[in-house]
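Trainee: Taking the hints into account, I'd like the entire structure generated from these sequences.
Going line by line, the protein sequences match chains A and B.
Under this note's numbering, residues 1 to 343 are what the first sequence spells out, in order.
Under this note's numbering, residues 1001 to 1321 are what the second sequence spells out, in order.
Treat the hints with caution; some may be incorrect.
[What the hints assert, rightly or not] SDA-like, lysine to any residue: derived pairs with alpha carbons at most 20 Å apart:
#1 K85(A) to Q1230(B)
#2 K1064(B) to M1030(B)
#3 K93(A) to S1229(B)
#4 K1217(B) to S54(A)
#5 K205(A) to D273(A)
Rather than coming from a laboratory, the hints here were simulated on the basis of the structure.
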Amino acid sequence: MTTKHQDTNLLKVENLHTGFFINNELHNAVAGVSFDVKRKEVVCVVGESGCGKSVMSLSIMKLLPEMNSKISDGEILFEGNDLVKKSDKQMRKVRGKDIAMIFQEPMTALNPVFTIGYQLQEVLFNHMKISKKAARERAIELLKEVGISRPERIIDEYPHQLSGGMRQRVMIAMAIAIHPKLLIADEPTTALDVTVQAQILDLLKDIQEKEDMAIMLITHDLGVVAEMADRVLVMYAGQIVESGVVTELFANPSHPYTESLLQSIPRMDEVTDKLNTIGGVVPSLENMPKVGCRFADRCPKAFGDCTKITPQLADVGNGHQTRCLLYDACYPDKTSKKEEVKQ
Amino acid sequence: MLKYSLRRILGMIPMLILISIVVFTLAKLMPGDALSGEIDPTNTNPEYIENMREKLGYNDPYYKQYIRWITDFAQGDFGKSVRYKTKVSSIIAEKLPNTIFLGVASLVITYILAFIMGIYAGRKPYTLGDHAIGGFNYFGLAIPSFVAGVFAIYLFSFKLGWFPSNGSVDIMVQEGTLEYWLSRIHHVILPALVLGMLSTASYTQFLRNDIIENSRKDFVRTAKAKGTSQSKIYNVHILRNSIIPLVTFLGFDIVSIIGGAVITETIFTYPGIGQLFLTSVQARDYSVLMAITMMFSCLVLVGNLVADILYGIVDPRIRLE
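Mentor: This is the structure in structure tokens:
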């Protein structure tokens, strides 16, 4: 790998496996995910509930509880350094400084018994030598930056005195305090009102441009993807099933799952009685099929091979990668369709 | 806060009147009365006794007796003790400091032990240490204080000789000296430990469970994502949340400790309110009993108020209006 390549790739995740212990058995919620995030790029990760997108993002920060979960395989290279190998103490220097994170629930993500100012300044004290007075000034400045009016007053208030949108703004202020290179936003707008959602997304976009940081946005809202993303990763059952540039992926979805997802969006220009849905649910960790495509049960285009052969993620042209046996390239070990069928 | 407190204190008055009626009724329902304490015990002439009974108002209708008692009581005159032939207020004033000293010592021991054990167990749940603390606590919860008290005296006083088995101070030492206070502390440790055992056990388990619960909260993940160290997360973020329910117990403790002291003080023959209460029951010393019962009732009300005020102080989400 050339040094130039490492320069453009801020984050490179390689064959990541993260599992949970259920009855002392490790079940992978993230099963072999590989992708990269380039500098200043917005990558969206989409997928329905339970597909492993949150687990993946928490794995990158190593924030999963050590008691019942484990990164069992793979590498997470951040600027060339493997985060998987880092100790908790070393990770502390990465968290909040190089990689910051905001969460889905602004209502519970802030500590209810500390002031906004305390929680905001904490991240400053964690990563830099700064006087109390300077930290307070910086905190006010940050609140102003995320569009909070009267920051001098808000700084001494408690989370319960703020609305959901304001709390998410505070979370964003906390996240950008040390100018991180990557911001992981795990469904940052899901718990908010629609109008507030748009404001928060606009804010994230503004900040991304101003701070020159990359954003990895986890969402199940394809509308958000269309508005924000440069590139999209579609996840299903712990795997990436399709990835590509956003415009290309929306125009020509290659995986049946992506197709179904796109068809499930209600459209203003069509009159339909019923909203398209994908039948069934994501298989649970214990019931994950060992062989074959994980989407086969619910796939409208499934055929014989789908339950017998495990597809690979492969290039199908136009910067598109997909994991579906409808494409020859996805057969493992380059075996052709016919040979497999004979066996 | 001040306005709230004042309103609450005013609200206590009808409650206290109601309690006083109950206390008075119960005292009147008990056999005998305090007459013999107020007359010449050597004069057994039935005519004299009947005269005195009439003169001292024991033949008045109950409501008149009640009004007389409550008026005196409100003015600080708790009556005369049958047994000691002196003012009830001076008897209580003599014993109260001992009980307060015992109560405070017990609270301090309870909080120190509960915090140390609770924080440890909460931080390392389901480990050997946690299970040991848990086992110790269930032991503490299961053993009644009179058994624990007797056992503690047997082990620590008779066998090991570490602590004295009775009294509140060594009678040989001069009052007011450092030695005197050391002796008092030496005397109070064992009963305080026994008295605080139950609350230590429940506080420890409570703190442990609350720490475990809070450590799974979203704000812990946020703090971690900011790069906050594990020890700071536990000692600042989680503990600050977990002390909220604990601090409010302090108000109720004021009552339970003084109430619980009845048994402990008797076992350790520690001269406090609890022991006074029990001996007064045995001697049918009504005026003392009524005064102590009223005092306990007041403490319950005050304790509740303290708990509510503390709640408002430690939890910013609660504003007392």
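Trainee: Work down the list of hints and note, for each, if the structure agrees.
Mentor: How the hints compare with the structure:
1. K85(A) to Q1230(B): At roughly 18 Å apart (the allowed maximum being 20 Å), Q1230(B) and K85(A) satisfy the hint.
2. K1064(B) to M1030(B): 18 Å, holds
3. K93(A) to S1229(B): 10 Å, holds
4. K1217(B) to S54(A): The hint holds at about 16 Å.
5. K205(A) to D273(A): Status violated; Cα separation ~36 Å.
Of the numbered hints stated above, the single one contradicted by the structure is hint 5.
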